[in-house]
Amino acid sequence: MSRYIFKRSLMMILVILGVILVVYAIMDMSPIDPAKVILGDSATEETLAELRKEMGLDDPFMVRYFRYVLNLLKGDMGVSYRNKVSVATQIGDRLPNTILLASCGVLFSLIGIPIGVATAKRQYSTFDNVTMVITLFAAAAPAFWYGLIMVMIFSLNLRWFPSAGMGKGFVDLARSLVLPSITIGIRGAANNARTTRSSMLEVMRQDYVDTAKAKGLDDRIITSRHMLRNALIPVVTVVGLNFGVLLGGSVLTETVFSWPGVGRFVVESIKTQDIPSVLGCVVTLAIMFSIVNLLVDILYAFIDPRIKAQYKRSGVTKNE
Amino acid sequence: MNSDLIIKNLSVNYQTDDGLVYALDQVDLLIKEGSSHGLVGETGAGKTTLAKSVMRLLPERTARVISGEVYYQGKDLLKEDMAAIRNIRGEQIAMVFQDPMTSLNPVLTVGEQIAEAIEVHGELSKSEVQQKVGEILEMVGIPADRAEEYPHQFSGGMKQRVVIAIALVCNPKVLIADEPTTALDVTIQAQVLETIKELRQKLNTSMLLITHDLGVVAQNCEHVSVMYAGEIVESASVKEIFSGMKHPYTKGLFNSIPKINVNVTRLIPISGLMPDPTQKPQGCKFADRCPQMMAICLKSKPELKEVSPEHHVRCYLYDSI
Numbered sequence: 001m002s003r004y005i006f007k008r009s010l011m012m013i014l015v016i017l018g019v020i021l022v023v024y025a026i027m028d029m030s031p032i033d034p035a036k037v038i039l040g041d042s043a044t045e046e047t048l049a050e051l052r053k054e055m056g057l058d059d060p061f062m063v064r065y066f067r068y069v070l071n072l073l074k075g076d077m078g079v080s081y082r083n084k085v086s087v088a089t090q091i092g093d094r095l096p097n098t099i100l101l102a103s104c105g106v107l108f109s110l111i112g113i114p115i116g117v118a119t120a121k122r123q124y125s126t127f128d129n130v131t132m133v134i135t136l137f138a139a140a141a142p143a144f145w146y147g148l149i150m151v152m153i154f155s156l157n158l159r160w161f162p163s164a165g166m167g168k169g170f171v172d173l174a175r176s177l178v179l180p181s182i183t184i185g186i187r188g189a190a191n192n193a194r195t196t197r198s199s200m201l202e203v204m205r206q207d208y209v210d211t212a213k214a215k216g217l218d219d220r221i222i223t224s225r226h227m228l229r230n231a232l233i234p235v236v237t238v239v240g241l242n243f244g245v246l247l248g249g250s251v252l253t254e255t256v257f258s259w260p261g262v263g264r265f266v267v268e269s270i271k272t273q274d275i276p277s278v279l280g281c282v283v284t285l286a287i288m289f290s291i292v293n294l295l296v297d298i299l300y301a302f303i304d305p306r307i308k309a310q311y312k313r314s315g316v317t318k319n320e
Numbered sequence: 001m002n003s004d005l006i007i008k009n010l011s012v013n014y015q016t017d018d019g020l021v022y023a024l025d026q027v028d029l030l031i032k033e034g035s036s037h038g039l040v041g042e043t044g045a046g047k048t049t050l051a052k053s054v055m056r057l058l059p060e061r062t063a064r065v066i067s068g069e070v071y072y073q074g075k076d077l078l079k080e081d082m083a084a085i086r087n088i089r090g091e092q093i094a095m096v097f098q099d100p101m102t103s104l105n106p107v108l109t110v111g112e113q114i115a116e117a118i119e120v121h122g123e124l125s126k127s128e129v130q131q132k133v134g135e136i137l138e139m140v141g142i143p144a145d146r147a148e149e150y151p152h153q154f155s156g157g158m159k160q161r162v163v164i165a166i167a168l169v170c171n172p173k174v175l176i177a178d179e180p181t182t183a184l185d186v187t188i189q190a191q192v193l194e195t196i197k198e199l200r201q202k203l204n205t206s207m208l209l210i211t212h213d214l215g216v217v218a219q220n221c222e223h224v225s226v227m228y229a230g231e232i233v234e235s236a237s238v239k240e241i242f243s244g245m246k247h248p249y250t251k252g253l254f255n256s257i258p259k260i261n262v263n264v265t266r267l268i269p270i271s272g273l274m275p276d277p278t279q280k281p282q283g284c285k286f287a288d289r290c291p292q293m294m295a296i297c298l299k300s301k302p303e304l305k306e307v308s309p310e311h312h313v314r315c316y317l318y319d320s321i
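Protein chains in written order, with the numbering used here: chain X, 1 to 320; chain P, 1 to 321.
For the record, the hints were derived by calculation from the structure and aren't laboratory data.
Backbone N, C-alpha and C define an ideal beta-carbon position, used for all residues, glycine too.
It cannot be assumed that every hint is accurate.
Which bits of chain P does chain X cover? Going by a derived footprint, with three or more residues having C-beta under 8 Å, they are [stated by the list, open to error]:
id	stretch
1	115 to 126
2	161 to 169
Far from chain X by the CB rule (all over 12 Å, computed), these chain P residues [as the list claims (entries may be wrong)]:
id	residue
3	51
4	59
5	92
6	317
Given the sequences, and given the hints that come with them, work out the whole structure.
Laid out in C-alpha cells, this is it:
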C-alpha cells in the first residue's frame, strides 16, 4: 500500500513538471513583454533591453524553464510585476481562504448523498421524480447565477448574511462563508444526489442484498452497511473531482462574493499581465488537484478491499 | 411446535412491460420437519419465485401474490408484518442463493457477514460471536482464521461454503437452497452438497432443494416435485419417481439426461419450448410439447390427482385411476 502511494507520488511529480512546462510555454508564446509591463509604455528600447538581460529573459526557453523549476523547489515563484511582492507570499496568503471555501462547498455538496439514497429507495415515486427534476436544474445553472440570486434574497432583502468579503472572528467568518459555500457546493450536491441515486439503484439489485435480507437484517442496516458502502465508490470519485475543480475553479464565485482567494488573484493577475503570479497560481492549483486525486485513490482502498489488494499487487510487481 | 412448511394454492404474477407474467399457478407443497424436498424444473418454471415467496424476497414493485398461503409454525408468512418476517428469516428459515460469486458483499469480510447473521438473532458478546463464526467456518470446511478475509480471496466453491455457513449459523429449521451448485464445477458440487447434507443431519434442518439436476435430487432428497410453467405437474417420493414416473414431462426430463447402463448415441430432448408465461392456456400447459396429447388436453386443465399415496400427477392419462 505504501509502495503504491510512493509510486503514485513519483508519477504526480512528473505530471506537475509537465503542467508547468505547458503553462510556461503558453505564457512564453503570449505577446506580453514583461519588461514593458514593468517599465510601462514610455520606457526606451535601451532600458527595456537592459531589464530583459537583467531578468534573464533572453536565455533559451529550456534554460528559463529549468531555472523556474529549480526556484520553485526552493519555494520561490518569482516576484509579482505589479507590486514587487513575492508571488509565493501572495498565494500563501490567499490559498487558505480558497481551501476553506472549497472545503465548505464540498461539505455542503455532501447533502446530495442522503438525498440520492432516499430517492433510490423510493424510485419512481413523486418524491423521486420531483427531486430529480430539481437536481437537474440545480446541476445545469451556473454558479455565479446562484451567487447573484442568493445575494439578492439573503443579503439585500432578508439581510441574514453579508453579501461580500470574508468576515473576521469565528461568527462573522462563518456567516460570510454561508452564501459562497452554498453557491459553489450546490451543483456538486445535485451531481452527488444523481450519482448516489443511480449507484444505489445498481447496488439494490445485487444478490448480496438478498443475502442480507435473508439473514433477517433490519432495512436500515442493509441500506447503510450493504448498499451504501458499495454505492459510494463512484460517488467518492465525483466528490473528489469536484473538490479539485473547486480548488481552482471558484473564480466566478470568489469574484461575485469578493472572496480573497486564489481564484480572484488569478483574474487580477491576468488583467494586469502579471506573468509570475498567473504561473504561480496555475502551478499551485495543479499541485492541489494532483494531491486531491491521490487522496481519492487512497480513499478507494479503504472503501473497497478489492482495490486495496490491487494496489498491493501493483506496488509489488513494480518494485521487486 | 411442528415445523412443517406448507405452501397452499400459491399464485404469483409479475407485472412487466410485456404484460402480466404468470410465474406461479396454484402451487401446493409440503416440506415436513427434518425432511428434504427436491424441486425440479427447467429455467423459468418458477422455482426461484417459489423460494423467494416463502422468504418474502419477491421484488416489491413488480411481483404480486394473487392467492395462497405459506404456513409455518401456525403462521401464514405471507400475512405477517416485516418485523415478524425478519425474526423468521435466518433464524427459522434460511436461504442459500444460486451464484456464490455475487451473493456475498465484496466490501465486508466473510467473518463480518457471518457475524451479522448471529448478532441480529441473539444477544451474544463479541467473543461469543467470534467463536461461533469460527465454529461454523470449520463446520463447512474453512479454517477459522480465514474469517478476516474478503470474498474476493475465496474460490467459488469456498464462497458457496461461506454462504451456507451464513444460512446455517443460526440453526434454522428450514433451509431453502436455490440451485446451490449450479454455478460450481462438478467436483466442487459434490463437496458442497456433502457439506449441506452433513450439517442438515447435525442440525435436523429440513430442506427445499431447487435444482434442474435430477441426479442431485436422487442423492439428496426424499421427496421430489416436478415443476413446469409455474405448476407442480408431479410430486412423489424419490424412489417412486425413479421407478414409476407418470407425467410425460417428467419422462421427458429423465430422457434428456444420459443413462450409464443404456447404450444411447443421442439424448432425447423434449421438443419445443415452455409456453409464453404471459399467456394462460385453456388446457394443459404441456399439451403443445406432449407426445401423448389428447383432445381433452387442449380444452381444460387437468387437476393434480393421487395415483398412489404421496404420489400426485397432473395429467389426463391417469384420470381413470
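Hint check results:
1. Given as covered by chain X, the stretch 115 to 126 of chain P passes the check, having 4 residues with a CB less than 8 Å from a CB of that chain where 3 are the minimum.
2. Look at the stretch 161 to 169 of chain P against chain X: 3 of its residues bring a Cβ nearer than 8 Å to a Cβ of that chain, three or more, so the hint holds.
3. For residue 51 of chain P, the condition that its CB be more than 12 Å from all CB atoms of chain X is violated, with the nearest at approximately 10 Å.
4. With a least beta-carbon separation of about 9 Å from chain X, residue 59 of chain P fails to lie farther than 12 Å from that chain, contradicting its non-interface assignment.
5. With a cut of 12 Å on Cβ distances, residue 92 of chain P falls inside the contact zone with chain X, its closest approach being about 9 Å.
6. The Cβ of residue 317 of chain P sits about 39 Å from the closest Cβ of chain X, beyond the 12 Å cut-off, so the non-interface label holds.
Checked against the numbered hints given earlier, this structure breaks hints 3, 4 and 5; the rest are met.
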